[in-house]
Amino acid sequence: MEEKMEKNPEIVGFACSFCTFKASEMAGSLRMKYPDGVKLIQVPCSSRVDPAFIIKAIFEGADGVFVAGCHPGDCHFIKGNYYTRRKIAALKEQLDAFGLKDKLRLFWVSAAEARRFVEKVTQMYNEIKEKKNAR
Amino acid sequence: MKTGIFICHCGHNIKHTVDVKRLSEYFKKYPQVSVSEDYPFVCSEPGQDMITESIEKHGLDRVIIASCAPSLHGELFKDLLRKKDVNPFLLRRVSIREHCSWVGDDIDQNTEKAKRLILSGLYGAAHYVPLEEKQVEVNKSALIIGGGVSGLSAALFLSKMGMHVYLVEMGKELGGHVRELKSVWPSRVSGADIVEEMEKELRARPNVEIFTSTKLSNFEGFFGNYEATLNTPEGQKKATVGGVVLSIGFSPFDPHIKPELGYGRDPRIVTTLDLEKAGDSLDLPDKPRVAVLHCIGSRDEQIGRPYCSRICCINALRASEAIKEKYNDSYVESFYMDVRAHPRGGEEFFEDTQEKGVLFTRANIGEIIPTPQGIVLRGEDTLFGETFEREFDLVVLSIGMSPPETSKEMATLLKISLDKDKFFLEAHIKLRPFDTAVKGIFIAGSCSGPKDVEESINHGRASALKLYGFLNLGYAFVDPFISIVDPKRCSGCRMCEQACVAKAIKFDEEKRVVHVEEAACMGCGLCNATCPSSAISLKGYVDSIIDDEISALLEAI
Numbered sequence: 001m002e003e004k005m006e007k008n009p010e011i012v013g014f015a016c017s018f019c020t021f022k023a024s025e026m027a028g029s030l031r032m033k034y035p036d037g038v039k040l041i042q043v044p045c046s047s048r049v050d051p052a053f054i055i056k057a058i059f060e061g062a063d064g065v066f067v068a069g070c071h072p073g074d075c076h077f078i079k080g081n082y083y084t085r086r087k088i089a090a091l092k093e094q095l096d097a098f099g100l101k102d103k104l105r106l107f108w109v110s111a112a113e114a115r116r117f118v119e120k121v122t123q124m125y126n127e128i129k130e131k132k133n134a135r
Numbered sequence: 001m002k003t004g005i006f007i008c009h010c011g012h013n014i015k016h017t018v019d020v021k022r023l024s025e026y027f028k029k030y031p032q033v034s035v036s037e038d039y040p041f042v043c044s045e046p047g048q049d050m051i052t053e054s055i056e057k058h059g060l061d062r063v064i065i066a067s068c069a070p071s072l073h074g075e076l077f078k079d080l081l082r083k084k085d086v087n088p089f090l091l092r093r094v095s096i097r098e099h100c101s102w103v104g105d106d107i108d109q110n111t112e113k114a115k116r117l118i119l120s121g122l123y124g125a126a127h128y129v130p131l132e133e134k135q136v137e138v139n140k141s142a143l144i145i146g147g148g149v150s151g152l153s154a155a156l157f158l159s160k161m162g163m164h165v166y167l168v169e170m171g172k173e174l175g176g177h178v179r180e181l182k183s184v185w186p187s188r189v190s191g192a193d194i195v196e197e198m199e200k201e202l203r204a205r206p207n208v209e210i211f212t213s214t215k216l217s218n219f220e221g222f223f224g225n226y227e228a229t230l231n232t233p234e235g236q237k238k239a240t241v242g243g244v245v246l247s248i249g250f251s252p253f254d255p256h257i258k259p260e261l262g263y264g265r266d267p268r269i270v271t272t273l274d275l276e277k278a279g280d281s282l283d284l285p286d287k288p289r290v291a292v293l294h295c296i297g298s299r300d301e302q303i304g305r306p307y308c309s310r311i312c313c314i315n316a317l318r319a320s321e322a323i324k325e326k327y328n329d330s331y332v333e334s335f336y337m338d339v340r341a342h343p344r345g346g347e348e349f350f351e352d353t354q355e356k357g358v359l360f361t362r363a364n365i366g367e368i369i370p371t372p373q374g375i376v377l378r379g380e381d382t383l384f385g386e387t388f389e390r391e392f393d394l395v396v397l398s399i400g401m402s403p404p405e406t407s408k409e410m411a412t413l414l415k416i417s418l419d420k421d422k423f424f425l426e427a428h429i430k431l432r433p434f435d436t437a438v439k440g441i442f443i444a445g446s447c448s449g450p451k452d453v454e455e456s457i458n459h460g461r462a463s464a465l466k467l468y469g470f471l472n473l474g475y476a477f478v479d480p481f482i483s484i485v486d487p488k489r490c491s492g493c494r495m496c497e498q499a500c501v502a503k504a505i506k507f508d509e510e511k512r513v514v515h516v517e518e519a520a521c522m523g524c525g526l527c528n529a530t531c532p533s534s535a536i537s538l539k540g541y542v543d544s545i546i547d548d549e550i551s552a553l554l555e556a557i
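Protein chains in written order, with this note's numbering: chain A, 1 to 135; chain B, 1 to 557.
Extracted from the complex, chain A is given alone in its bound form:
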């Protein structure tokens, strides 16, 4: 039987420079491993992420997009992440109509949570990979 080529997903992440980007730096320093398909774009605050960026990334072929910011209440810009939460919820509803809802995720990772960052992105990567290869 012919062995099928495994497809690896590409995931674009928007990381808040005050928390998630710091956590990802720490994850690197601690030599934690996560899939190479996960690539980050640094933004000053998760609220900088325009829904258009997410749509653009999906249209250009990203298998998954995540937005990661500070835990609610911890935003450096006081309440930017609350806006993000609303925005992503609204966008998810829109994406649902196209069956693309599962491609977008939002999670909170503080600057200290390197392990959580790795767990979150790896989990997302694996779930998306499974779906991609099931087809």
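Some clues are possibly wrong.
What the hints assert, rightly or not - Okay, derived cross-link-like pairs now, BS3-like style, lysine-lysine, Cα gap no bigger than 30 Å in a straight line:
id, chain 1, residue 1, chain 2, residue 2
1, B, 140, B, 466
2, B, 408, A, 79
3, A, 56, B, 488
Rather than coming from a laboratory, the hints here were simulated on the basis of the structure. The model shown is predicted, which means the values in this text are computed figures rather than measured ones.
Given the structure of chain A, go ahead and fit chain B onto it with the hints provided.
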């Protein structure tokens, strides 16, 4: 456009899992790339020379450095550009170490990932424009939160250097926990003496304002001119300060959290702090049997305190020694997991205590049961693998350090982060151990993790010195990442005005457009993401930069 790409090997750190030669060759084919080089250490002096020479030779107007995370060596590389009269905001750092070579093992995959990351830097940097750093005056004053030993030593140093110091203490008097200690190991001086000497010196200085029974109620502004509101017993007071040293110390572990210890149910079960306070008033028989328990509230995953508190082994040894000295015929048994008598002289002290007749048993104590005759300890001897049951007249719990009760509140107020154990997180564990992620806010003493008295004093002084370096300059550069409005595109819908948390966006009734008040803008970019007509954009993170970075990560190459 003339771009220079410099790829760092970082010794073996990047080179061993990323094919740097292939990368530097690959980017030569781009027309906008004038130089593409790799070098063993770009941050070394020859590496820096290579960059400055290339800038001169090729007239570079964009510099991309693919190396470690952007938080490292940030100013160093910016200065290189400044030296050659290139705007420092035309520099792009790409992290191929923390985000690539250290997270994967496969050399081909890593090289491909690094290629994408550098490409996104190249595409993004194409949209960079020179930005002007605004210079602001720095208020030569400091707010010190917490009047324990670390706060006091920070206040002493800063006031000595001529800075105006506001010292805020939540309790009634200065000195924190050290004031309660009868003899501070190893010098055997009383803790009260140490803090009173510091306090006396501080109170004599004209440039120090001390507020006791005071809490910080509000904190806003930016480095150089923070606005702090203090709730003093006499009412609210506002202070403008250049920077902050946060030294709110620790909370002693509360043994009530572990009910099996029986703390609070019997007066014969005490903590090391209780023992210190009780001193001579302890009512013990002539030949007392005393148990000393190590690691209470430390190295305990079950209660979420997996860390070593560092001070409690010495405290336990001190308690054992004090009892042995007072009651020569006493039987003192110390139950430990490991003895980590870490400070200088600690190991010798451990030996001494053993020689004085204190018995050390490696054990896990499961239960402490108070009975009318004595207190029964049940546990397991972990060297013999046997259970035991012994009766004592007094049980001393050597309690560890818990994060300060107000740590969460403070973190929210000052917008700084906590680590997983709820102590304050430093900006970098090795390179910036005193800084927080917020400029001008420093942490000192045991609020950033367990420390003994000597370390706390050192930490306080070091943080104060770092802050002094910033304050004494008298000026600071503010990041130019603020929003800017294109009035031609602005439709005056005022969506951004509603969204702006900093209230930096103002509506011009006459022209029917908004404008940004530069001093108030925090640079979060929320308005940029909100604007339906793309009229407002955040400098340094404009739409086209991020759009092209996305493309670079995904397009076929």
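Now for the hints, and whether the structure bears them out:
{"no.": "1", "hint": "B:140 <-> B:466", "verdict": "14 Å, holds"}
{"no.": "2", "hint": "B:408 <-> A:79", "verdict": "17 Å, holds"}
{"no.": "3", "hint": "A:56 <-> B:488", "verdict": "26 Å, holds"}
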